[in-house]
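Each chain, written out:
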Amino acid sequence: MSIMELNGGSVIAMVGKDCVAIASDLRLGNQALGISSNYQRIFPVTDRVYVGLPGLATDVTTLRERFRYRVNMYTIKEEREIEPETFAHLVSSTLYEHRFGPYFIEPVMAGLSKTPSGGYKPFIAATDLIGCLNFAKDFVVAGTASAKLFGVAEGLWEPDLEAEDLFETISQTLLNAVDRDAYSGWGAIVHVITKDKIITRTLKARMD
Amino acid sequence: MANADGGAYSYSLTVFSPSGKLVQIEHALAAVSQGTTSLGIKASNGIVIATEKKSSSILIDDSMIEKVAVICPNIGVVYSGMGPDFRVLIARARKSAQAYWKVYGEYPPTKVLTQEIATVMQQATQSGGVRPFGVSLLVAGWDINRGPSLYQVDPSGSFWAWKASAIGKNMVNAKTFLEKRYNDDISLEDAIHTALLTLKEGFEGQMTEKTIEIGVITVPTLEELEAGKVGGETGRPRPTFRKLSEEEVRDYLAL
Numbered sequence: 001m002s003i004m005e006l007n008g009g010s011v012i013a014m015v016g017k018d019c020v021a022i023a024s025d026l027r028l029g030n031q032a033l034g035i036s037s038n039y040q041r042i043f044p045v046t047d048r049v050y051v052g053l054p055g056l057a058t059d060v061t062t063l064r065e066r067f068r069y070r071v072n073m074y075t076i077k078e079e080r081e082i083e084p085e086t087f088a089h090l091v092s093s094t095l096y097e098h099r100f101g102p103y104f105i106e107p108v109m110a111g112l113s114k115t116p117s118g119g120y121k122p123f124i125a126a127t128d129l130i131g132c133l134n135f136a137k138d139f140v141v142a143g144t145a146s147a148k149l150f151g152v153a154e155g156l157w158e159p160d161l162e163a164e165d166l167f168e169t170i171s172q173t174l175l176n177a178v179d180r181d182a183y184s185g186w187g188a189i190v191h192v193i194t195k196d197k198i199i200t201r202t203l204k205a206r207m208d
Numbered sequence: 001m002a003n004a005d006g007g008a009y010s011y012s013l014t015v016f017s018p019s020g021k022l023v024q025i026e027h028a029l030a031a032v033s034q035g036t037t038s039l040g041i042k043a044s045n046g047i048v049i050a051t052e053k054k055s056s057s058i059l060i061d062d063s064m065i066e067k068v069a070v071i072c073p074n075i076g077v078v079y080s081g082m083g084p085d086f087r088v089l090i091a092r093a094r095k096s097a098q099a100y101w102k103v104y105g106e107y108p109p110t111k112v113l114t115q116e117i118a119t120v121m122q123q124a125t126q127s128g129g130v131r132p133f134g135v136s137l138l139v140a141g142w143d144i145n146r147g148p149s150l151y152q153v154d155p156s157g158s159f160w161a162w163k164a165s166a167i168g169k170n171m172v173n174a175k176t177f178l179e180k181r182y183n184d185d186i187s188l189e190d191a192i193h194t195a196l197l198t199l200k201e202g203f204e205g206q207m208t209e210k211t212i213e214i215g216v217i218t219v220p221t222l223e224e225l226e227a228g229k230v231g232g233e234t235g236r237p238r239p240t241f242r243k244l245s246e247e248e249v250r251d252y253l254a255l
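Residue numbers (full-length UniProt numbering), protein chains in the order written: chain X, 1 to 208; chain E, 1 to 255.
Worth flagging that the hints you see were computed from the coordinates, not collected in a lab.
Glycine residues also receive a C-beta, built at the ideal position from the N, C-alpha and C atoms.
A hint or two may mislead.
To be verified - Chain X is faced by these chain E residues, among others (derived, beta-carbon under 7 angstroms):
id, residue
1, G105
2, N145
3, L225
Take the sequences, apply the hints, and build the full model.
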């Protein structure tokens, strides 16, 4: 058994037309024993940047607090909110600091970045547990059901999905992938981020 | 004890004089006022910083003197005061810019880097066994959030933003001159002109392309920004700060 599989859980992020979505399951377990069906592993960084932290639960808590500290110091010092690309680099360098004793987390980030002309561009990224960045254009996956998430996403995703369609696509991708993984599931949550608002929905999922 | 030059309070940096001054910092400012004049002017589409490159002897190879220095692609700096102190400060500033890049994947905004340099200078006013830096700096930089900004940093570590400023030997006259000629919509070309005229006011000797140094910040156009942060085959960040070559300086002087 790998340490990344102790608590279970998976996260996915997808790009749509002028929107992004990030979704995860809600299970927290101790190997086969399910403990919680309400474990949040996606957190807001700013109004426009969200980060999902699948992996070892204690590191989920620690990393959330480390990122909150660093982002708060950034916001106060620079007198502005951090952009998604900058946050992705911050995540990467934070993880690499522990290159030889890493956090057992594979972060997934989603957000909207400001363009020079004043608009917003969708942004997603993921890293491995030691900070190798992946800037995908379509979707990024992580967690115990990552292999299944790759398969379903590859099948269902298409470019330029509107917010409602993106919600349906990411939800079906997540549900059908975690239902095929023993350590993920027990509920699901989806955040769809557009430039005006963020809609968070909890999905009705198989609780077995 | 407390006489005009500070008396017993003037030798220890970590002791306030009764009038509330740190006399060593006053002395450091005096060292700056003896240095060659430097100035900076912020225009609507850029910034110009310039200085005299005064050699004490004709035998000096002045092509090797660097008074306007690059810190990172979007920030440059010029000084008045002690050359060696400047050298140490730019080494620290360059390291600080690279450390920021290592964490965030982009170069620091001007204000953030200026704050770091100012912190280094302040630490030399509150530590044992060190003396303050004998330089004032004019830091010129561009970042996407604030646009072009010009900061002055003093030996005490205090810094503030200017639209136009001068430091060094001729600073009083130069600032009066700048006050008359500055307006908020000055263009970069006009600013370079004004900078040269201002330097000429207090110039001792011949003002040629070999006796002055000029650095320029050019604000990128919207097209350049849309094209992306990195440019060219090498994929390195597009620079916004550059030093003018001798030919360019000669052309500006000829006008």
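Each hint, compared with the structure:
1. Using the Cβ-Cβ criterion of 7 angstroms, the hint placing G105 (chain E) at the interface with chain X is satisfied: the shortest such distance is roughly 3 angstroms.
2. Of the supplied interface hints, the one on N145 (chain E) holds, with its beta-carbon coming within about 6 angstroms of a beta-carbon of chain X, less than 7 angstroms.
3. Look at L225 (chain E): its Cβ gets to within about 4 angstroms of chain X, closer than 7 angstroms, so that hint holds up.
In summary, the structure agrees with every hint in the numbered list given earlier.
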